[in-house]
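Asker: As a plain string of letters, each chain reads:
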Amino acid sequence: MDFTFSEDQLLFQDSVRGFLVNEITPERLRAGWDTETGRDPALWQQLAELGLTGLTVPEEHGGLGMNAVDFVLLAQECGYVALPEPLVNHALVAVPLLEDLGGELAARWLPLAATGEARVVAAVEQNLVVEDAHVADLLLLERDGQWYALEQGQFSCERNESVDPGRRLFSVAVPAGATVVAGGAQARILRSATLNRGALGCAAQALGLAQRMIDLSVQYTADRKQFGKPIGSFQAVKHHMANVAVRLEYAKAPVHRAAYAAAEDAAAAGLAVAQAKLMACEAANLAAKNSIQVHGAMGYTWEVDLHIFMKKAWALANTWGDAGWHKQQVAEVIFADGAALGAGATFQ
Amino acid sequence: MKLSFSPEDELFREEVVSWLADNLCGEFEPIRFRGGPGDEHSFVEERKAWEQKLAEGGWTCIGWPKQHGGRAATVEQQVIFNEEYARAGGPGRMGHIGETLMGPTLIAFGSDAQRERYLPGIRAGREFWCQGYSEPSAGSDLANVKTRARLDENTGEWRINGQKVWTSLAHESQYVFVIARTDPESVAHKGLGFFLVAMDQPGVTVRPIEQLTGTSEFNEVFFDDAVCAADDIVGAPGEGWKVAMGLLGFERGVSTLGQQMLFQNELDEIVRVARANGAARDPALRQRIAEAHIGLRIMRFNSMRMLSGGGDDGSLQKEAMIYKLYWSSWHRNLGKLAMDVLGAESEIVPEAPYGLSRLQSMYLFTRADTIYGGTNQIQRNIIAERALGMPREPRG
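From first to last, the protein sequence lines stand for chains A and B.
Here the working numbering is used: position 82 in the first sequence is 82, and no number is missing along the way.
Here the working numbering is used: position 153 in the second sequence is 501, and no number is missing along the way.
Each hint should be verified, as a subset may be incorrect.
Anything over 12 Å on all C-beta distances counts as not near chain A; from chain B, calculated [to be verified]:
(1) Asp357
(2) Phe391
(3) Ala397
(4) Gly469
(5) Arg496
(6) Asp500
(7) Gly539
(8) Ala577
(9) Pro585
(10) Gly597
(11) Glu693
(12) Glu699
(13) Arg715
(14) Tyr720
Sample of chain A residues at the chain B side, in silico, Cβ under 7 Å [unchecked claim]:
(15) Phe3
(16) Thr4
(17) Asp215
(18) Val218
(19) Gln219
(20) Gly232
(21) Ser233
(22) Ala242
(23) Ala253
(24) Pro254
(25) Tyr260
(26) Lys327
Just so you know, these hints were derived from the structure itself, not from any lab.
Glycine included, C-beta positions come from ideal geometry on N, C-alpha and C.
Given these sequences and hints, build the entire structure.
Answerer: Dropping the structure here:
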């Protein structure tokens with residue numbers, strides 16, 4: 001039983017964090033809101049050069065052959081900067097799906113995904129709207145129990161505005177006559193695995209978002225003085241942040257446990273992911289609520305960066321299965337006949 | 349990252365299961381599932397006998413090093429032992445303060461003579477300890493202890509004077525570890541000593557405190573020229589705070605796993621009740637039960653993460669700080685959930701006079717969780733100031 005990450009995994013996280021924090025500044029995020037696609041091919045290229053687009057692509061297709069455990073810390077860092085590019089979907093969700101679909105489709109697209117030449121995005125029925133469909137070179141879409149592989153230009157998409165100006169959401173219609181790449185029982189298995197990885201991606205990003213909001217608030221409350229003292233010295237203020245720190249710290253282990261399940265232990269993944277997403281998104285939402293409170297009126301302004309992260313946390317909490325849906329998954333396990341509860345099953 | 353048990357671990361599990369099946373029966377049948385939080389006053393003699401039974405089988409102090417009588421069990425093995433112990437309904441451990449607090453403290457800070465003198469009694473389940481920290485004027489401000497220890501120049505012994513309070517199971521213990529002021533001029537955490545004091549002597553008086561459950565698990569302890577041998581101080585005079593804080597560090601280690609297993613049994617009972625009385629069909633209660641279930645898993649994952657060293661990024665220390673706040677808030681909510689699942693029935697006391705049901709006792713006992721061992725407010729100060737680095741509040 002070992003929850004630690006390897007030296008290599010931690011070093012990679014460090015270098016990715018360094019790159020992202022330097023590059024993806026709030027100013028750059030705001031500038032992206034006003035561009036047509038909201039996405040930046042030059043940035044995607046840089047992510048590819050760092051090896052991120054090919055991280056989960058099998059080695060025989062030109063990738064690094066890593067898995068969800070290797071990627072989860074990086075997804076946290078993507079959350080920390082509110083990365084707009086579809087990297088988490090591409091590497092954590094779509095590439096493993098492409099691998100599972102196999103055949104010619106995988107053989108053709110995986111090498112392109114590895115080099116970053118192709119952005120691959122996946123979505124299931126649960127996703128009413130598809131994020132980043134407009135820049136997906138390949139869209140793997142599940143509708144009505146069937147999977148379709150749609151190339152850019154083969155489908156039409158209609159933009160939906162998101163509460164998070166950094167997100168680009170689209171309603172996608174499956175074109176008549178599109179080829180079904182998986183159906184029946186296989187499609188259901190792939191949907192559940194894809195949903196699990198999508199929710200895991202949200203959970204990991206939520207951890208990063210919560211940390212970012214804590215950092216902003218700790219800084220602000222150290223600088224802002226009232227009654228001649230930094231407001232962060234007052235218990236009424238600092239207890240708000242302590243509550244967030246507890247939620248965040250305790251959400252990490254379930255997210256890492258879920259990543260392990262997604263990579264190694266598919267049978268346990270559904271429950272582990274539900275727990276992880278609930279805990280991580282709750283932590284991020286509490287971070288948002290309490291951070292706005294300790295920022296006072298400034299926290300309510302468009303000018304202060306806090307709302308960038310608050311809105312992304314809000315959006316992620318409601319995508320890839322909202323809280324009610326995930327809680328229902330847990331309740332079904334607990335109340336199932338012959339449920340494996342009790343002392344021998346506490347690691348489920 | 350590797351989140352599974354090895355084949356050797358599974359063999360160890362079989363060993364634990366079969367030993368418990370063979371021994372936790374017969375005369376010990378009545379104490380199964382008893383003596384947990386809120387029920388610690390129950391079956392005291394039987395539970396002491398059970399400690400000795402455990403010791404005979406080599407199941408006390410399993411995490412201690414072999415040279416001190418333990419098994420040097422790995423973290424995984426300790427997890428397994430705690431899981432199976434709880435599943436079998438193993439009673440609340442009378443010896444837990446000795447095993448998880450006093451023993452590790454002596455192993456870390458004690459002298460060879462102290463280890464030889466005290467560890468075997470703990471290991472054998474014969475000698476029980478209680479904790480002399482809090483005082484009437486030293487609660488959240490623990491460093492404000494007033495109890496004094498003076499070296500008697502004639503006898504060469506320490507003489508202890510003062511009062512401790514909220515001392516759990518003092519009336520069932522042979523020894524108490526006491527923090528007391530060795531330098532009468534000192535203030536706060538300087539000038540303290542950490543003493544090992546026998547309870548059975550004329551200078552020590554124990555007075556039970558009746559709790560709102562109607563039972564008495566903790567006490568006031570008065571020291572009136574109580575005697576403590578010259579070499580029964582752990583560390584040097586003036587080092588008491590360091591030892592006392594080191595001990596609290598052990599409180600957040602493997603012992604948390606056993607606690608979580610007791611919580612699991614409580615949650616299982618709530619699920620059973622909810623299925624039986626229909627509360628499980630109420631969507632709101634169903635969701636709260638799911639939340640409680642998740643919260644307990646989260647504690648478990650985090651203990652495992654902490655124990656496997658998963659805090660190399662500096663979060664380990666943060667983790668230890670936040671554990672108390674997390675579990676106490678969770679458990680307090682569980683108590684309320686239990687009463688809400690019982691509904692109107694929660695008011696009815698099953699046995700006169702005031703013989704509360706297990707869940708009623710649990711509900712009341714959980715009101716104390718967010719207070720003892722550091723209130724939630726104090727914990728939040730520590731987390732904000734030490735983990736987040738927020739500015740310190742001016743203290744007078």
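Asker: Does each hint fit the structure? Answer for all of them.
Answerer: Status of each hint after checking the structure:
1. For Asp357 (chain B), the requirement that its beta carbon stay farther than 12 Å from each beta carbon of chain A is not met, with the minimum near 8 Å.
2. Every Cβ of chain A is farther than 12 Å from the Cβ of Phe391 (chain B); the closest lies at roughly 21 Å, confirming the non-interface assignment.
3. For Ala397 (chain B), the shortest C-beta to C-beta distance to chain A comes to about 23 Å, beyond the 12 Å cut-off, and the non-interface label holds.
4. Its beta-carbon lying about 29 Å from the closest one in chain A, Gly469 (chain B) satisfies the requirement of being farther than 12 Å from that chain.
5. With a minimum CB-CB distance of about 32 Å to chain A, Arg496 (chain B) clears the 12 Å threshold, and the non-interface call stands.
6. Look at Asp500 (chain B): its CB is around 44 Å from the nearest CB on chain A, clear of 12 Å, so calling it non-interface holds up.
7. With a least beta-carbon separation of about 28 Å from chain A, Gly539 (chain B) lies farther than 12 Å from that chain, consistent with its non-interface assignment.
8. Distance check on Ala577 (chain B): its Cβ is at least 42 Å (rounded) from any Cβ of chain A, clearing the 12 Å threshold; non-interface status holds.
9. No Cβ of chain A comes within 12 Å of the Cβ of Pro585 (chain B); the nearest lies about 34 Å off, and the non-interface call holds.
10. For Gly597 (chain B), the shortest C-beta to C-beta distance to chain A comes to about 17 Å, beyond the 12 Å cut-off, and the non-interface label holds.
11. Under the 12 Å C-beta cut-off, the non-interface status given to Glu693 (chain B) relative to chain A holds; the minimum distance is some 20 Å.
12. With 12 Å as the threshold on Cβ separation, the claim that Glu699 (chain B) sits away from chain A holds: the shortest Cβ distance comes to roughly 27 Å.
13. Annotated as non-interface, Arg715 (chain B) keeps its C-beta farther than 12 Å from every C-beta of chain A; the closest such distance is 20 Å.
14. Distance check for Tyr720 (chain B) against chain A: the nearest CB is about 18 Å away, which clears 12 Å, and the non-interface claim stands.
15. The beta carbon of Phe3 (chain A) is positioned within 7 Å of a beta carbon in chain B (closest approach about 4 Å), and the interface hint is therefore held.
16. For Thr4 (chain A), the shortest C-beta to C-beta distance to chain B is roughly 5 Å, which falls under 7 Å, so the interface hint holds.
17. With its C-beta approaching chain B no nearer than about 9 Å, Asp215 (chain A) sits outside the 7 Å limit, and its interface hint is violated.
18. The interface hint given for Val218 (chain A) holds, since its Cβ lies 5 Å from the closest Cβ of chain B, which is under the 7 Å cut-off.
19. With a least beta-carbon distance of about 10 Å to chain B, the hint placing Gln219 (chain A) at the interface is violated under the 7 Å criterion.
20. Hint status for Gly232 (chain A) relative to chain B: holds, with the closest Cβ pair at about 4 Å, below 7 Å.
21. With a cut of 7 Å, the hint placing Ser233 (chain A) at the interface with chain B holds, because the nearest CB-to-CB distance is about 4 Å.
22. Of the supplied interface hints, the one on Ala242 (chain A) holds, with its beta-carbon coming within about 4 Å of a beta-carbon of chain B, less than 7 Å.
23. About 4 Å separates the beta-carbon of Ala253 (chain A) from the nearest beta-carbon of chain B, less than 7 Å, and the hint is met.
24. The interface hint given for Pro254 (chain A) is met, as the beta carbon of that residue sits about 5 Å from the closest beta carbon of chain B, less than 7 Å.
25. Below 7 Å, beta-carbon pairs count as interface contacts, and Tyr260 (chain A) has one with chain B at about 5 Å; its hint therefore holds.
26. Hint on Lys327 (chain A) holds. Least Cβ distance to chain B is approximately 5 Å, under the 7 Å limit.
Checked against the numbered hints given earlier, this structure breaks hints 1, 17 and 19; the rest are met.
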